[in-house]
Amino acid sequence: MKGSMSDRRAVGEQAWVRRLLVSLALGYLGLFLVLPLASVYVEALAKGIAPFLAAIVDPDALAAIRLTLLVAAIAVPCNAVFGLCASWAVAKFDFPGKSLLVTLIDLPFSVSPVVSGLVYVLLFGAHGWFGPWLQAHHIKIIFGIAGIVLATIFVTFPFVARELIPLMQQQGREEEEAAILLGASGRQTFWRVTLPNAKWGLLYGVLLCNARAMGEFGAVSVVSGHIRGLTLTMPLHVELLYNEYDFVGAFSVASLLSLLALVTLTLKSLLEWRFRSDEQAGAA
Amino acid sequence: MTLTLSLSLRRKPSVIPGFGLTLGCTVLYLSLVVLIPLTGLLLRPVELGWHGFWRVVLDGRVLAALSLSFGGSLLAAAINAVLGGIVAWVLVRYDFPGRRLVDALVDLPFALPTAVAGIALAAVYAPNGWIGALLLPLGIKVAFTRLGVLVALTFIGLPFVVRTLEPVLQDLDAEYEEAAATLGASRWQSFIRVVLPEILPALLTGTALAFARAVGEYGSAIFIAGNMPMSSEIAPLLIVIKLEEFDYAGASAIGVAMLGASFLLLLAINLLQRWQVARSEG
Numbered sequence: 159m160k161g162s163m164s165d166r167r168a169v170g171e172q173a174w175v176r177r178l179l180v181s182l183a184l185g186y187l188g189l190f191l192v193l194p195l196a197s198v199y200v201e202a203l204a205k206g207i208a209p210f211l212a213a214i215v216d217p218d219a220l221a222a223i224r225l226t227l228l229v230a231a232i233a234v235p236c237n238a239v240f241g242l243c244a245s246w247a248v249a250k251f252d253f254p255g256k257s258l259l260v261t262l263i264d265l266p267f268s269v270s271p272v273v274s275g276l277v278y279v280l281l282f283g284a285h286g287w288f289g290p291w292l293q294a295h296h297i298k299i300i301f302g303i304a305g306i307v308l309a310t311i312f313v314t315f316p317f318v319a320r321e322l323i324p325l326m327q328q329q330g331r332e333e334e335e336a337a338i339l340l341g342a343s344g345r346q347t348f349w350r351v352t353l354p355n356a357k358w359g360l361l362y363g364v365l366l367c368n369a370r371a372m373g374e375f376g377a378v379s380v381v382s383g384h385i386r387g388l389t390l391t392m393p394l395h396v397e398l399l400y401n402e403y404d405f406v407g408a409f410s411v412a413s414l415l416s417l418l419a420l421v422t423l424t425l426k427s428l429l430e431w432r433f434r435s436d437e438q439a440g441a442a
Numbered sequence: 553m554t555l556t557l558s559l560s561l562r563r564k565p566s567v568i569p570g571f572g573l574t575l576g577c578t579v580l581y582l583s584l585v586v587l588i589p590l591t592g593l594l595l596r597p598v599e600l601g602w603h604g605f606w607r608v609v610l611d612g613r614v615l616a617a618l619s620l621s622f623g624g625s626l627l628a629a630a631i632n633a634v635l636g637g638i639v640a641w642v643l644v645r646y647d648f649p650g651r652r653l654v655d656a657l658v659d660l661p662f663a664l665p666t667a668v669a670g671i672a673l674a675a676v677y678a679p680n681g682w683i684g685a686l687l688l689p690l691g692i693k694v695a696f697t698r699l700g701v702l703v704a705l706t707f708i709g710l711p712f713v714v715r716t717l718e719p720v721l722q723d724l725d726a727e728y729e730e731a732a733a734t735l736g737a738s739r740w741q742s743f744i745r746v747v748l749p750e751i752l753p754a755l756l757t758g759t760a761l762a763f764a765r766a767v768g769e770y771g772s773a774i775f776i777a778g779n780m781p782m783s784s785e786i787a788p789l790l791i792v793i794k795l796e797e798f799d800y801a802g803a804s805a806i807g808v809a810m811l812g813a814s815f816l817l818l819l820a821i822n823l824l825q826r827w828q829v830a831r832s833e834g
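Protein sequence lines, in the order shown, are assigned to chains U and F. Each residue of the first sequence is one higher than the last, beginning at 159 in the numbering used here. Each residue of the second sequence is one higher than the last, beginning at 553 in the numbering used here.
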């Protein structure tokens, strides 16, 4: 790596061009990423530490935190199991329509979050297909927790699968085939061979899936009834406080969410580093 | 079940078990969570009829919102193509203090909840915010105008170009540039003639991804946009407004129009990626 760096110097740019490009890049990231991130904490602590803490231990805020954790605790495992199923089917077998299946799995990424919520309102809302039936049986999906969970599952659907599919495809089938031929059962092969091989990819997907599940706004906003203390997740609680001009409150809860983002980014970098050193160890 | 059965008859034989189970679960879950709800969306505008659908989509306010979402996203993607390209170049080619930290930070728009990004951008670019206050004497208002929408859509698309370009730049062999330099090309000439053609497919893919993400963006845009009908109202917001008025058919008509556009984009991205793979293999 060091060698190739100095090789590139031979055809590198002049020093002033290099300095200009670095300052352009840093200026751009500073304006769009660093300043907004810093402003969250500055605004949250604008009136001191006491109002900040008060906004976080507010019963409605605590209810929002609990709901966010609950939704993620349901949505993330669902999509993780799905991701494992899908990647096993796609990576270990050849069948017609495989590329169509992979495209369809990625589909939720190209759907607007608002539309992701809308599809469930059309199915389960008061004027939706199943709306009258659900109402007659006193089942609440839209404007309730079930709707929030469904919308979150939709939005975070591809995360684990899209990390695992290329990874497991790259790892090939030989190890599983060897395990089976040596007499291991399918379940043993999965737990002893496939899962240990794919664990970093799985963790990586779960991490990104979780960040999105806890932070989703558009889709959840459409299906939540915006009932304070009941159907507000943390991002929706932030919106409510912001629209009530309670900026300190809004930014205080937002600072928790950006902390989540920073922790996610740190773990992500650690996983990438871990993954790379594993790969190098495998190559050596 | 018959589908999995017929598929398992047609696939190549394998000693690995679990084909029917995993594919069956995958297809079932995919259908329940994604395909059936989306079909419901596609069928909804049928009750409006062909003319009714177009009356909704071509209504002045809807058209203004759609053109803001698509036009703003295109502009934001173009900004990201240039500046994101520079970021990727700097991160791969140069060594400077804090490079790894900057590299990790690029993914912030993926990790930061959009609502948080929205209120933070609004705070920074508002007339009394850190940057808004600097721009105000120049007569530039960012927050609560169309320019604010552009800022939010640029923010949300920032990682895509950088992340698609980085691996391609890393794999780029220095030999060709050295050859160009030896043959007397200036640095700029060898960038335009040698490097750019190599990275172009990845650059376009990243730009298309950033564009696709920005078109549907809601959370980060609505706080900094003024949300004035006909001027700074984005298409996803109009869907929410129609839903609040219980105009399900109207909301789904806009949704279907956006979905149609996204499908075309997805197709374009797939073709670009195929071109990119063919290039790197050829």
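Calculated directly from the structure, the hints in this document are not laboratory data. All of these numbers come straight from a predicted model, not from anything done at the bench. Glycine included, each C-beta is placed from N, C-alpha and C at the ideal position. Among the hints, a few may not be true.
[Claimed, not checked] Derived coverage of chain F by chain U (criterion: at least 3 residues anywhere in the stretch with Cβ under 8 Å from a Cβ of chain U; other residues may be distant):
1) 627-641
2) 671-682
3) 686-697
4) 704-711
5) 792-803
[Claimed, not checked] Ranges between beta-carbon positions, derived for each pair:
6) I297(U) to L686(F): 49 to 59 Å
7) L178(U) to L688(F): 45 to 55 Å
8) A685(F) to W174(U): 30 to 40 Å
9) L688(F) to A294(U): 25 to 35 Å
The hints, checked one at a time:
Against chain U, the stretch 627-641 of chain F contributes 4 residues with a C-beta closer than 8 Å to a partner C-beta. That satisfies the three-residue criterion, and the hint holds. Beta-carbon proximity to chain U at under 8 Å applies to 7 residues in the stretch 671-682 of chain F; the threshold of 3 is reached and the given coverage holds. Here the stretch 686-697 of chain F counts 0 residues with a CB under 8 Å from a CB of chain U, which misses the bar of 3, and the coverage is violated. Counting residues of the stretch 704-711 of chain F whose CB falls under 8 Å from any CB of chain U gives 3; the rule of at least 3 is met.
Remark: the stretch 792-803 of chain F is confirmed as covered by chain U, as 5 of its residues place a Cβ nearer than 8 Å to a Cβ of that chain, reaching the required three. As the Cβ distance of I297(U) to L686(F) is approximately 54 Å, the hint placing it in 49 to 59 Å holds. Between L178(U) and L688(F) the beta carbons are some 28 Å apart, a value that contradicts the proposed interval 45 to 55 Å. Roughly 31 Å separates the CB atoms of A685(F) and W174(U), a value that falls within the hinted 30 to 40 Å.
Separated by about 57 Å at the C-beta atoms, L688(F) and A294(U) break the suggested range of 25 to 35 Å.
Of the numbered hints stated above, those contradicted by the structure are hints 3, 7, 9, listed in ascending order.
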